[in-house]
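Undergrad: Place chain B on chain A using the hints.
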Amino acid sequence: MFMQRVYILYIVMAAWLKGEAPRASATRGIDSAAKNLGYEFLEKCRKNGFKTAYVERPEALASVFSEWAAHWSIKSLMIAGLSGFLKETIFNALISVKKEITCLELPDLPSDLTLFRASSLGVFRVYAGVAETGGLIVLDDWGSNLASLIPEYTVGLLEAGEVVSDYWALTSVLRQRDIGGMVIISGPSSTSDIELTHVIGVHGPVEAGVIVTGFELDE
Amino acid sequence: MLSMTEKSRGAILSLPPQYLQGLLAARQKTQENLATLLEKTVDSARRRGCQVFVAETAEEALRYIVELAKRRGVKRVIKSKSMTTEELDLNHALSSAGIEVVETDLGERIVQLAGQRPSHIIAPAVHLSREDVARLVKERRNIAVDPSPEAITRFFRKDLWQSFQEADMGITGANIVVAEDGHVVIVTNEGNGRLVTTMPRILVSVAGIEKIVESWEEAFHVLRVLPASAVGRDATSYITVIGPRAMSRHGQVPEYHLVLVNNGRLRAGSEVWLKEALRCIRCAACLDICPTFRVLGGHIFGDIYTGPMGVLWTAITRDVKAASEIAKYCVSCSLCLSACPVQIDIPLAISRIKDASGNQTTRERMLTMYERYAALGSSFPRLFNWLQGSRITRRLLESILGIDRRRMMHRFKGGNLYKALGERYLEAQEADVVYFPDTYATFMDWGIGLLAVRVLEANGYSVAVPKTAGSGMPSIQYGFHSKARQIAEKNVRMLKSFVEKGSKIVCTEPTAAYCLSEAYPKILGSEDSKKVAEATTELVALLATEGKPAQRPMSHSANSAIFYHHPCHSRLLAKGRPSEELLKRLGYSVSTIDYGCCGIAGTWGMRVGVEGYLISSEIGRRVADLILATGAKEIATESSVCSQQLRQFTGLKVRHTIRYIAEYLGIQDRDSDALNF
Numbered sequence: 001m002f003m004q005r006v007y008i009l010y011i012v013m014a015a016w017l018k019g020e021a022p023r024a025s026a027t028r029g030i031d032s033a034a035k036n037l038g039y040e041f042l043e044k045c046r047k048n049g050f051k052t053a054y055v056e057r058p059e060a061l062a063s064v065f066s067e068w069a070a071h072w073s074i075k076s077l078m079i080a081g082l083s084g085f086l087k088e089t090i091f092n093a094l095i096s097v098k099k100e101i102t103c104l105e106l107p108d109l110p111s112d113l114t115l116f117r118a119s120s121l122g123v124f125r126v127y128a129g130v131a132e133t134g135g136l137i138v139l140d141d142w143g144s145n146l147a148s149l150i151p152e153y154t155v156g157l158l159e160a161g162e163v164v165s166d167y168w169a170l171t172s173v174l175r176q177r178d179i180g181g182m183v184i185i186s187g188p189s190s191t192s193d194i195e196l197t198h199v200i201g202v203h204g205p206v207e208a209g210v211i212v213t214g215f216e217l218d219e
Numbered sequence: 001m002l003s004m005t006e007k008s009r010g011a012i013l014s015l016p017p018q019y020l021q022g023l024l025a026a027r028q029k030t031q032e033n034l035a036t037l038l039e040k041t042v043d044s045a046r047r048r049g050c051q052v053f054v055a056e057t058a059e060e061a062l063r064y065i066v067e068l069a070k071r072r073g074v075k076r077v078i079k080s081k082s083m084t085t086e087e088l089d090l091n092h093a094l095s096s097a098g099i100e101v102v103e104t105d106l107g108e109r110i111v112q113l114a115g116q117r118p119s120h121i122i123a124p125a126v127h128l129s130r131e132d133v134a135r136l137v138k139e140r141r142n143i144a145v146d147p148s149p150e151a152i153t154r155f156f157r158k159d160l161w162q163s164f165q166e167a168d169m170g171i172t173g174a175n176i177v178v179a180e181d182g183h184v185v186i187v188t189n190e191g192n193g194r195l196v197t198t199m200p201r202i203l204v205s206v207a208g209i210e211k212i213v214e215s216w217e218e219a220f221h222v223l224r225v226l227p228a229s230a231v232g233r234d235a236t237s238y239i240t241v242i243g244p245r246a247m248s249r250h251g252q253v254p255e256y257h258l259v260l261v262n263n264g265r266l267r268a269g270s271e272v273w274l275k276e277a278l279r280c281i282r283c284a285a286c287l288d289i290c291p292t293f294r295v296l297g298g299h300i301f302g303d304i305y306t307g308p309m310g311v312l313w314t315a316i317t318r319d320v321k322a323a324s325e326i327a328k329y330c331v332s333c334s335l336c337l338s339a340c341p342v343q344i345d346i347p348l349a350i351s352r353i354k355d356a357s358g359n360q361t362t363r364e365r366m367l368t369m370y371e372r373y374a375a376l377g378s379s380f381p382r383l384f385n386w387l388q389g390s391r392i393t394r395r396l397l398e399s400i401l402g403i404d405r406r407r408m409m410h411r412f413k414g415g416n417l418y419k420a421l422g423e424r425y426l427e428a429q430e431a432d433v434v435y436f437p438d439t440y441a442t443f444m445d446w447g448i449g450l451l452a453v454r455v456l457e458a459n460g461y462s463v464a465v466p467k468t469a470g471s472g473m474p475s476i477q478y479g480f481h482s483k484a485r486q487i488a489e490k491n492v493r494m495l496k497s498f499v500e501k502g503s504k505i506v507c508t509e510p511t512a513a514y515c516l517s518e519a520y521p522k523i524l525g526s527e528d529s530k531k532v533a534e535a536t537t538e539l540v541a542l543l544a545t546e547g548k549p550a551q552r553p554m555s556h557s558a559n560s561a562i563f564y565h566h567p568c569h570s571r572l573l574a575k576g577r578p579s580e581e582l583l584k585r586l587g588y589s590v591s592t593i594d595y596g597c598c599g600i601a602g603t604w605g606m607r608v609g610v611e612g613y614l615i616s617s618e619i620g621r622r623v624a625d626l627i628l629a630t631g632a633k634e635i636a637t638e639s640s641v642c643s644q645q646l647r648q649f650t651g652l653k654v655r656h657t658i659r660y661i662a663e664y665l666g667i668q669d670r671d672s673d674a675l676n677f
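Residue numbers (the numbering used here), protein chains in the order written: chain A, 1 to 219; chain B, 1 to 677.
Chain A on its own, in the form it takes in the complex (with noise of 0.2 Å):
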């Protein structure tokens, strides 16, 4: 309980020096279009697999975590790309329903993984999605690779405007940025190897969700 207050005092603290103020709501709204795409690509990750929610505005997150850990077995927590804002929010929302949890920021490791694999909970930021395919983008700059890999269950967080219709959307952006990497996940990992028939969980992910706010995550 000491650690706990004390880390929320650490994450307070440190936005603050950052100059980020805890959001109270939403600062921008998004358009209609932006909106349906988002619709349309959370409808695409639910036939792929995932949990899906769409957040309007920043006070609703914290319930939509608090819904799918009471689902969960959660005791770590591997964030990566967040704001100090979000990362109080989902923290706050997961001790409300589960007592103690290990938490680790990345890009910051541990030599050994293993306490962030089972019964734990990665939460990382995506940089776009695709609406026809149901595809979350990673890219390589904030550890939301192994924050979206290693543990059992993992949440993707994206804004509405940063959904894409297709792959070709991708094109410029492959080559403006000089990416070092990029996955793109379409749903939790899986299997078929034996007998062709179909099994969730193999090496990544047990379970994947995705949020899409109609808010900005990065202020």
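In case anyone wonders, no lab produced these hints; they're calculated from the structure.
Positions of the beta carbon are idealized from the N, C-alpha and C atoms, including for glycine.
Misleading hints may appear alongside valid ones.
Unchecked claim - Partner residues are not named here, just some residues of chain A that face chain B (Cβ under 7 Å, in silico):
| hint | residue |
| --- | --- |
| 1 | 183 |
| 2 | 191 |
| 3 | 202 |
| 4 | 203 |
TA: Just chain B, lined up with the frame of chain A:
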């Protein structure tokens, strides 16, 4: 595998056509410009800081990777699935150097523990049951695991985690290499590919150079079509892009090497008959639809690469002789061509491999004389019918010609179509439609040909029936290309003058239509053969689109439940099933199931032995069970050989579709009474 084919076909059909067109264009560009694209890839990858090695041979690739591993003190390697590394036999080379290799793809790990090679390029352990795998885990890892896919998967998730954490080197294959910037793309579902590219301190990607596409636009075409064709989905769970600054668990750039493998690919690019194989995107659609692969599996019908595409890739990476050992399982049904998203003419390439190998048997040579046998039989029908029905002579036929004594044979009517029709049709110089009858309708049961002409005339067409040779399919099937060429030249020479005057060419035999419209232009490459090809269609397809049947009530009293069998070669000739649609339009009650090939494959299914009647009858029995379960009372089809197979294994009456149309039109002709179908 039938369900995989159905899922894939549905997914492919739902794609926008421009995705498939874009894919084909991209892969054709690779096929034609392989050396240039290789140079571009090496240049762009090195400019981005990537260490690139171009291996001319398998040995060079192995030497590079093993020496790299030794220099860097690598003790353990983790691998994601890579057929190219199987081709090199990389695991053996690393193990021989004292380096532990751990396959991490579930299917590959299972076959590694079993000491076997993969039987399928997408599902390597599909030949093993869940009980087999549970037993294997007990034997090799001394752990009892519940024989369910879920429990087994959970076991391997835990079992492989330590290897992911402790490995020094990760090795991946590549689905795509993007020439414009040197990135490698791998397409996976399990997550092992991501762990292999993230956890170790050294990463090596091994890619056959045919995986290169020029740009990201082209790469996206591959990424949209490959999952649809392979597993019937819009996307696999993970598409991982690997570059010189690949993502690392260490927060720093791992050492990254790209090994580009030639090993026969550049040479294949200069072989007219083999270079189409360079388009292959490894979706395995050809494996899943292949009738013999479904029965035999990859350990028999395969080398390192398995199934239909495996024949071509064995010829490329090893030699024609090795490829011909497995080419014998190809029955030239062409279903693989119908399923291939990049339209590789796999059956014709396999036929050329058979031709180039010179391994054809005397019996196969004799089977190419099928038309002479039929001509003789039509001159002595009673004798031949008796010989075909006698047990003693069937044993003789089996030992001399290799025709299995259990195979039901068509009876001979006696006479031939040209005599029955008369000179008017034989000598006509022009007509709306030229009828190409092929062997069965010329010699065995010319009643079909007679009906075809009557039906065409009832629809207002003038008809010519010049004397042509049989289609030559046995020569193509068994790889006698000089003979196939002679037959093709003869037929094209006879038909071209009609085509030049605007005639259409119609066939009642789907294989004949396939030869004229698909095979001949590729065998001959001439403008005349292309013109003949463009003018050719199946007769029923013509009637379905253009026919104007007289408006008469149906003369038959029974409206039996009809099952329509779609012949393999018909799939390449028209979209959908025009015969089935036409029968329904005429008021018949028709059902169908898309099970693929009935298994006879022309004379192939008549042959004694595994590569013949044994496999053919196994497929025939499975198909018969499906048909009988529909409750159908009779079967409609256009293929004379399919009718043999279906009649034998279902016991139902099989009729040519033209008979139903003739019945509808009230065309009754005693000479056309069904002899066989």
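Undergrad: Next, verify each hint and record whether it holds.
TA: Cross-check of the supplied hints:
{"no.": "1", "hint": "183", "verdict": "holds, 5 Å"}
{"no.": "2", "hint": "191", "verdict": "holds, 5 Å"}
{"no.": "3", "hint": "202", "verdict": "holds, 4 Å"}
{"no.": "4", "hint": "203", "verdict": "holds, 4 Å"}
Against the hints set out earlier in the document, no violation occurs for any number.
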